[in-house]
Amino acid sequence: MAKQDNGESSAAAGSAVENHGAPKASSGTAVVASDAFTNPGLPPHQPRVTDVDPAKERQATRRVGGLFLVSILGSIFAIVAYIVFPIVPGDMLSVRLNTLFLGLGITLALIPLGIGAIYWAKNLMSNHEHVEMRHSTRGTEETRAAAARVFTLGNEESGFTRRKLIRNSLIGALAVFPLPAIVMFRDLAPAENPATLFKHTMWDEGTRLTLDPSGAPIRAADVTIGSVFHVIPEGLEEAEHPLDEKAKAAVLLMRLDPEELNEAEDRKDWSYDGIVAYSKICTHVGCPVALYEQHTHHLLCPCHQSEFDVANHCEVIFGPAKRPLPQLPIAVDSEGYLVAQSDFHEPVGPSFWERSA
Amino acid sequence: MRFTNAAASYIDERTSISGAVRELGRKIFPDHWSFMLGEVALYSFVVILISGTFLTFFFDPSMSHVHYEGSYAPLRGIEMSAAMASTLDISFDIRGGLLMRQVHHWAALLFVASIGLHMLRVFFTGAFRKPREINWVIGFVLFILAMAEGFTGYSLPDDLLSGNGLRIIDGMLKGFPIVGTWISYLLFGGEFPGLVVIPRLFVLHIMLLPAILIAALGLHLLLMVINKHTQFAGPGRTNENVVGVPVMPVFAAKAGGFFFVVFGVLVLIASFFQINPIWNYGPYDPSPVSAGTQPDWYIGFADGALRLVPPGWEFVLWGWTFSFNILVPVAILGLFIVIVAIYPFIEAWVTGDKREHHIAERPRNAPTRTAIGAAGVTFYAVLWAAASSDLMATHFRLSIEGVIHTLQALLFLGPLIAFLVTKRVCLALQKKDREIALHGYESGRIVRLPGGEYVEVHQPVSEYERWRLVSYEDYAPLMIRPNDQGRITLGMRMRAALSRWFFEDRISPATKGELEQGGHH
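Top to bottom, those sequences are chains A and B.
Residue numbers for the first sequence follow the working numbering, so the first one is 3 and each next one is one higher.
Residue numbers for the second sequence follow the working numbering, so the first one is 587 and each next one is one higher.
No wet-lab data here; the hints were simulated from the structure.
Please note that the accuracy of each hint is not assured.
To be verified - Under the rule of at most 27 Å between Cα atoms (straight-line distance), these lysine-lysine pairs were calculated in the DSS-like manner:
#1 B:K1017 / B:K613
#2 A:K124 / B:K613
#3 B:K1018 / B:K1098
#4 A:K124 / A:K58
#5 A:K26 / B:K1018
#6 B:K1018 / B:K940
#7 A:K26 / B:K1009
#8 A:K201 / A:K124
#9 B:K716 / B:K940
Unchecked claim - What the simulated footprint calls covered on chain B by chain A, stretch by stretch (three residues with Cβ under 8 Å from a Cβ of chain A suffice, anywhere in the stretch; the number is not a length):
#10 621-631
#11 691-700
#12 788-800
Backbone N, C-alpha and C fix where the C-beta goes; we use that ideal spot for every residue, glycine too.
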């Protein structure tokens, strides 16, 4: 076994860990055979080729130096690349070249530097194995007693457990003092009640259905059977928070053969000549239900694969969503454009606690 | 030399640093390739800090609307948030900006991956046992923080994918009973998406989370120094010593060099491989989404859990909406990670072993633990695969329903099969080790005996090699004995049942006596 220059660590090799007189820890259900093998100790040290052959040692030294020199060249190359491969506005190739050559320069600065240091450690630095003894993590009995005495003295000198009024009122004060911080989070959001906000969208009686994103109104006659339109309410761009409104009001407009539509009695007048409008916001966690399969009339949410059947009021036929997509009742105005009859009759988007309340 | 002496003396006279250098400078670190996994995590974190600092100099964490006027022609004139526009500027108008963005993203992916692998190494070698249970929990916290950092960072550019990720978070928050609606409303400062969530996530991403992460990391490393590193069983290595190389100079050179290698490899990857091309996705808009959207890999298991819920798990009771299609997957994930966090305490309770353990076990020598780990990995892997259910369906021309149903079944069957197979494999490997320790290895030399019989000559292994095969902990199942009051409590019965499950199939290490007997026949 290797006895090396670090005198303090190798001296006690093989001796049992010092236990400071602490009670012996239970070994639980561990089993130790009485005739178990004994540790044979470290195998004899094998010298490396660089330890015995001075030529190899010089070669290794040159290699490490060479690697460090390559690293210096890499750093310089990176600086040069930064200057000679500038970004020309609008030229995507220049962005690519700048990224590539700057990156390669930095790589060349870093990897040879790292490999050089590791090569040096593995081939030229002493590779003798050293042995250091562990000590029980538990403090010595003396230290533990001293620590306990600190607490005892602290208690005696302050009267923490004796003066119960102080102790209990202190605990009470400490428990209460963070409460203002919790209250202060209220103004993270405006004063309204979110449950009310979530239940209404921009759609209203007479709001025209317009194309997303152009905002052009849609003539009923232009909606051919089998087509699908991504729809936003008219005037969305003028809204105070267009994205917030869009996140609730986005609609998909589809035209089916009226024969194929199975409409409930009370919702027969919500569609127009096979044209139906449904909320685009998934009733699971709110992704846009953007994929329409024309021949099956199925809508698929690309996030978690809930499937909705447009022919049957967008009922869920597969996936984690529970509720059908809410339907927007539509009609046609005097100029032949599609308009909403009213807002949605139920909240759109993901479920929330107060949704049905 | 005179200058170095003077400088060292100057500093020591003001800091007493010589004491720390004497204590730590020749500290011994054991060597094994698997010990580098934690180092990879540490170094990729440093790379994240360096590249991230560069990015903060140019990133504008604001959701106010601007018209993009930068170099990327296809998006010029399009309305987007200042966050998205400044991310595009970093990518297309700042020299090295795209490189640093890609270094940052790749380093983040490597950070979470290396933490995961490091945890698996610690788990499968039993390096979480006393006295390292607390450090296991700290490491677990680091894993969670790394994922939180990843998710907040992913959200910052305000591109289509990051916005959709936030939309899913919004939907999940709203599914929580009583407080969910309000938590979402407060987080987004109003309705989704609002105008404040990105500056808020930015503060979490660059200040609060890193501060906690660095503190936890410091504690993690400090406890590693105090507990000293584990080492694998081998000749000369005992539970009472550490065999390895001193910090100064060998370990420092190797570890320092390795930092530059990790850094260099990350820059190399970032130079060649595009990651998160937000200009292809466009700015966030609640309406479009592209098919086949994927979260970053480490969020996949959570997304997969949401996808595997069967239809219809949402109910209205007493006028309130209970979204079990969100609560159940969240609860299952929560239970899974809590079991991961407290596993060391469960195993310590089962074995009743209160001794310190500093020898990293070979996974085969703890068959039940290894099997539990394999079951956990399988469970995670199925959830993770589920996050790509749509891609699997399209790539392999399967029906999406078929993929989901298969994964739903695998979520329960997979871990079971993995457990049984792994346990049998471990026991078989242990048997093989015993065989080699007692009868030697197959030399490949076939000898014909005078009677005509052919035998293969077995060569005995060296005593050093044998020690590696026979030095492991062996536990027997717990026998229930009544306590001082003469009673057997429920807790005792549970512990005994678990102990039986853990240790009833066991292969004891070969002993000297067996070797001597084996030599005679």
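Hint by hint, here is what the structure shows:
About 37 Å separates the Cα atoms of B:K1017 and B:K613, which puts this hinted pair outside 27 Å; it is violated. Annotation: proposed proximity of A:K124 to B:K613 holds, straight-line Cα distance about 18 Å (limit 27 Å). Note on B:K1018 and B:K1098: the hinted pairing holds, with a Cα-Cα distance of about 17 Å set against a maximum of 27 Å. For the given pair, A:K124 sits about 13 Å from A:K58 by alpha-carbon distance, which is consistent with the 27 Å threshold.
A C-alpha spacing of about 34 Å is found between A:K26 and B:K1018, which places the hinted pair above 27 Å, so the restraint is violated. The suggested pairing of B:K1018 with B:K940 is violated, with an alpha-carbon distance near 30 Å, which exceeds 27 Å. Taking the CA atoms of A:K26 and B:K1009, the gap is near 32 Å; set against the 27 Å cutoff, the hint is violated. At most 27 Å may separate the alpha-carbon atoms for a hinted pair to count; A:K201 and A:K124 exceed this at roughly 68 Å.
For the hint pairing B:K716 with B:K940, the CA-to-CA distance comes to about 7 Å; that is within 27 Å, so the pair holds. Against chain A, the segment 621-631 of chain B contributes 0 residues with a C-beta closer than 8 Å to a partner C-beta. That does not satisfy the three-residue criterion, and the hint is violated. Residues of the segment 691-700 of chain B with a Cβ under 8 Å from some Cβ of chain A number 0, which does not satisfy the need for three, so the listed coverage is violated. Interface restraint, the segment 788-800 of chain B with chain A: violated (0 residues with C-beta to C-beta distance below 8 Å; minimum three).
Taken one by one, the earlier hints fail for this structure at numbers 1, 5, 6, 7, 8, 10, 11 and 12, listed in ascending order.
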